[in-house]
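Participant: Given next are the chains, with one letter for each unit.
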Amino acid sequence: MEAAAAELESKPAKRAGRRFWRILIQQRYLYLMSLPFIAWAFVFSYLPLWGWTMAFQKFRPGRPFLDQEWVGLQYFRELFHDPQFYLVLRNTIAMSTMSLVAGFTVPILFALVLNEVRSMSVKRFVQTVSYLPHFVSWVVVAGLVTKMLATDGVVNGILMGLHLIDQPIQYMAKGNLFWYIVTGSDVWKEMGWNTIIYLAAISGIGPELYEAAKVDGAGRLRSIWHITLPGIRSTIIILLIISIGHLISIGFEKQFLLGNPLVSDYAQVLDLYALNYGLSMGRFSFGTAINIFNSIISLFLLFVANGVFKRITKESVF
Amino acid sequence: MASNTVKSRAAWSISTFDVFIYLILAIVTVVTLYPFLNVLAISLNDSTDSVRGGLTIYPRVFTLKNYETIFAFGGLMTGLKISILRTVAGTLMGLVSASMLAFTISRADFQGRRFVSTFLALTMYVSGGLIPFYILIRDLHMIGTFAVYVLPGLVSAFNVFIIRSFIDGIPFALQESAKLDGANDWTIYWRVILPLTKPALATIALFLAVGQWNAWFDTYLYNGSSPHLTTLQFELMKVLQSTTTNADSFRGRNMTEVMRQISPESVKMAITIVVTVPILVVYPFLQKYFVKGMTLGAVKS
Numbered sequence: 001m002e003a004a005a006a007e008l009e010s011k012p013a014k015r016a017g018r019r020f021w022r023i024l025i026q027q028r029y030l031y032l033m034s035l036p037f038i039a040w041a042f043v044f045s046y047l048p049l050w051g052w053t054m055a056f057q058k059f060r061p062g063r064p065f066l067d068q069e070w071v072g073l074q075y076f077r078e079l080f081h082d083p084q085f086y087l088v089l090r091n092t093i094a095m096s097t098m099s100l101v102a103g104f105t106v107p108i109l110f111a112l113v114l115n116e117v118r119s120m121s122v123k124r125f126v127q128t129v130s131y132l133p134h135f136v137s138w139v140v141v142a143g144l145v146t147k148m149l150a151t152d153g154v155v156n157g158i159l160m161g162l163h164l165i166d167q168p169i170q171y172m173a174k175g176n177l178f179w180y181i182v183t184g185s186d187v188w189k190e191m192g193w194n195t196i197i198y199l200a201a202i203s204g205i206g207p208e209l210y211e212a213a214k215v216d217g218a219g220r221l222r223s224i225w226h227i228t229l230p231g232i233r234s235t236i237i238i239l240l241i242i243s244i245g246h247l248i249s250i251g252f253e254k255q256f257l258l259g260n261p262l263v264s265d266y267a268q269v270l271d272l273y274a275l276n277y278g279l280s281m282g283r284f285s286f287g288t289a290i291n292i293f294n295s296i297i298s299l300f301l302l303f304v305a306n307g308v309f310k311r312i313t314k315e316s317v318f
Numbered sequence: 001m002a003s004n005t006v007k008s009r010a011a012w013s014i015s016t017f018d019v020f021i022y023l024i025l026a027i028v029t030v031v032t033l034y035p036f037l038n039v040l041a042i043s044l045n046d047s048t049d050s051v052r053g054g055l056t057i058y059p060r061v062f063t064l065k066n067y068e069t070i071f072a073f074g075g076l077m078t079g080l081k082i083s084i085l086r087t088v089a090g091t092l093m094g095l096v097s098a099s100m101l102a103f104t105i106s107r108a109d110f111q112g113r114r115f116v117s118t119f120l121a122l123t124m125y126v127s128g129g130l131i132p133f134y135i136l137i138r139d140l141h142m143i144g145t146f147a148v149y150v151l152p153g154l155v156s157a158f159n160v161f162i163i164r165s166f167i168d169g170i171p172f173a174l175q176e177s178a179k180l181d182g183a184n185d186w187t188i189y190w191r192v193i194l195p196l197t198k199p200a201l202a203t204i205a206l207f208l209a210v211g212q213w214n215a216w217f218d219t220y221l222y223n224g225s226s227p228h229l230t231t232l233q234f235e236l237m238k239v240l241q242s243t244t245t246n247a248d249s250f251r252g253r254n255m256t257e258v259m260r261q262i263s264p265e266s267v268k269m270a271i272t273i274v275v276t277v278p279i280l281v282v283y284p285f286l287q288k289y290f291v292k293g294m295t296l297g298a299v300k301s
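Protein chains in written order, with the working numbering: chain A, 1 to 318; chain B, 1 to 301.
No lab work stands behind these hints: they were computed from the structure.
Be aware that a few hints might be false.
With beta-carbon atoms standing in for the labels, derived distance ranges [unchecked claim]:
(1) V19(B) - Y210(A): 20 to 28 angstroms
(2) G144(B) - Q170(A): 34 to 42 angstroms
(3) G144(B) - G307(A): 40 to 48 angstroms
(4) W225(A) - F146(B): 48 to 56 angstroms
(5) G175(A) - F146(B): 38 to 46 angstroms
Heads up, simulated SDA-like pairs for lysine to any residue below, C-alpha to C-alpha not over 20 angstroms straight-line [what the hints assert, rightly or not]:
(6) K288(B) - W193(A)
(7) K58(A) - L136(B)
(8) K288(B) - A200(A)
(9) K147(A) - T32(B)
Backbone N, C-alpha and C define an ideal beta-carbon position, used for all residues, glycine too.
The whole structure should be built from the sequences, with the hints applied where relevant.
Facilitator: Here's what the structure looks like:
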């Protein structure tokens with residue numbers, strides 16, 4: 001296939017310079033099948049970047065671009081002087097770090113457990129069940145979590161039944177529990193789904209390694225430690241780099257749906273802040289400044305993570 | 001003798017290990033399924049009886065009245081209609097765009113290939129953010145339209161790359177022989193590539209359909225004040241978010257009627273089941289495909 005492709009490529013390539021248009025006509029269907037969508041992607045993915053100019057203007061909707069008043073970094077200054085911003089930043093960093101740690105280690109552990117299951121039908125059944133929460137919406141998950149953690153919910157029921165607590169706890173009203181609830185919900189929803197990639201990587205490890213370990217007298221725990229884990233090392237590192245790049249763009253769905261006014265000091269994250277203090281109040285410029293701050297930190301983290309891991313392990317996503 | 005003890009010790013340690021493994025599996029299964037079963041039980045239980053609490057995974061006083069009541073309510077039917085429409089339209093259009101783009105960038109002879117694939121790859125890293133996007137949608141006059149559900153997310157680079165890596169696995173000779181038979185690129189796409197990429201298309205169709213079915217924020221942001229365009233997830237969100245569950249929570253006055261007949265809790269649970277069931281029916285049958293799709297995507301990227 002490679003050879004055939006290369007031949008197809010090199011033949012026209014020799015004459016390409018002059019005959020660009022002729023090939024274009026020959027490949028008209030390929031152009032027709034790609035360029036309209038590229039134009040589409042330009043509008044919806046690249047054009048919003050132009051909107052970043054709003055952060056440097058006193059943006060008033062409906063006015064032509066050139067009539068907007070330029071204010072330089074005023075909105076960034078406003079942002080960095082807002083005490084609320086630091087609270088929001090703290091929440092964002094706390095929840096994203098917790099999600100990163102839990103959302104990263106739990107699927108690996110679960111994949112290791114699944115890999116040790118000998119009955120294929122049991123393994124399949126548990127996998128199918130564990131994928132279910134990934135496919136339901138955050139709206140539903142937030143509803144389920146709220147229901148389970150309600151004063152008459154199952155969690156309070158079990159704890160009271162075990163006499164660990166005397167009074168039901170109002171979990172959703174406690175600000176200091178909010179981060180844990182969000183992280184727990186996240187793990188509950190995505191744990192099964194995230195094992196897919198690890199299980200695929202594990203299945204790529206040669207069985208002869210396990211045979212050899214067995215001959216050498218290694219037990220199953222030792223095999224996991226010395227063969228399975230090193231075998232999926234590069235998968236783990238690449239996924240870790242990608243997760244770090246997404247560290248502060250954690251979105252706001254969970255926080256929006258699970259939060260309530262009682263816990264807002266712990267629930268407000270950057271995107272939610274941009275929504276509530278930018279968009280909802282019509283402060284487009286201020287909100288855009290928040291979005292820009294978010295994007296720049298994300299890119300920075302991605303490059304730093306990639307650089308650090310490249311040094312240590314020679315693995316890289318770029 | 002000595003070897004015998006070693007053997008039995010090994011056998012013993014293996015069995016505790018297995019017990020431990022199966023214990024974890026049992027816990028994961030229960031923790032995952034219990035919330036759904038509990039909600040199902042409440043939704044099938046008499047509303048007045050549910051208020052007593054203590055329901056677990058089966059209804060105490062079985063009834064279908066909760067479902068009859070919510071379906072008799074017009075707002076929910078609009079939501080259902082719009083949700084189905086956007087799922088069908090979004091999935092079909094997404095499949096067309098992703099498969100066409102994937103086909104073009106899989107063709108080594110396509111002279112626009114580098115440009116197209118780089119242009120797409122960059123969309124995975126750049127994002128203008130919420131507010132610039134909102135302004136764009138507003139400037140395009142897409143607020144308060146059905147199009148806002150389908151058009152902005154039409155092109156997804158991730159989906160394109162999954163299908164493309166699948167096409168790469170199809171022998172190029174098939175395309176060449178079709179060409180010798182006089183097929184043009186369109187015919188090759190339609191007659192050769194599409195039938196052979198069915199497993200990848202099934203995966204992408206599932207991702208697209210689930211994404212469309214589950215979306216609620218676009219409704220909240222762009223169509224929250226267009227009652228004829230709200231979706232099921234958005235209606236559920238509104239009911240769940242209202243802690244007071246009074247008249248405003250769910251289409252104003254009408255909802256008071258619903259709430260008078262059955263408790264807000266029963267309404268929430270029944271709608272939750274209505275939005276979850278379609279997913280439950282579909283995903284287990286596509287498991288083989290999406291596991292493969294995810295794996296392919298991960299290996300390539």
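Participant: With the threshold set at 20 angstroms, check whether the alpha-carbon distance from K288(B) to A200(A) stays at or below it.
Facilitator: Since the Cα atoms of K288(B) and A200(A) sit roughly 13 angstroms apart, the hinted pair holds (cutoff 20 angstroms).
Participant: Taking only the CA atoms, is the gap from K58(A) to L136(B) under or equal to 20 angstroms?
Facilitator: holds, 17 angstroms
Participant: When you check the alpha-carbon spacing of K147(A) and T32(B), does it fall within 20 angstroms?
Facilitator: The given pair, whose Cα atoms are some 14 angstroms apart, holds under the 20 angstroms limit.
Participant: Holds or violated: the 40 to 48 angstroms window for the beta-carbon distance between G144(B) and G307(A)?
Facilitator: holds, 46 angstroms
Participant: Mind checking the hinted window 48 to 56 angstroms against the Cβ distance between W225(A) and F146(B)?
Facilitator: holds, 55 angstroms
Participant: Verify the CB-CB distance for V19(B) and Y210(A) against the hinted window 20 to 28 angstroms.
Facilitator: At 21 angstroms between Cβs, range holds.
Participant: Take the C-alpha atoms of K288(B) and W193(A), compute the straight-line distance between them, and say whether it is at most 20 angstroms.
Facilitator: holds, 13 angstroms
Participant: For the range 34 to 42 angstroms, tell me whether the beta carbons of G144(B) and Q170(A) fit it or not.
Facilitator: holds, 39 angstroms
Participant: Quick check on a hinted range of 38 to 46 angstroms for G175(A) and F146(B), using CB atoms only.
Facilitator: Given a distance of about 39 angstroms, which is inside 38 to 46 angstroms, the answer is holds.
When held up to the earlier numbered hints, the structure conflicts with none and fits them all.
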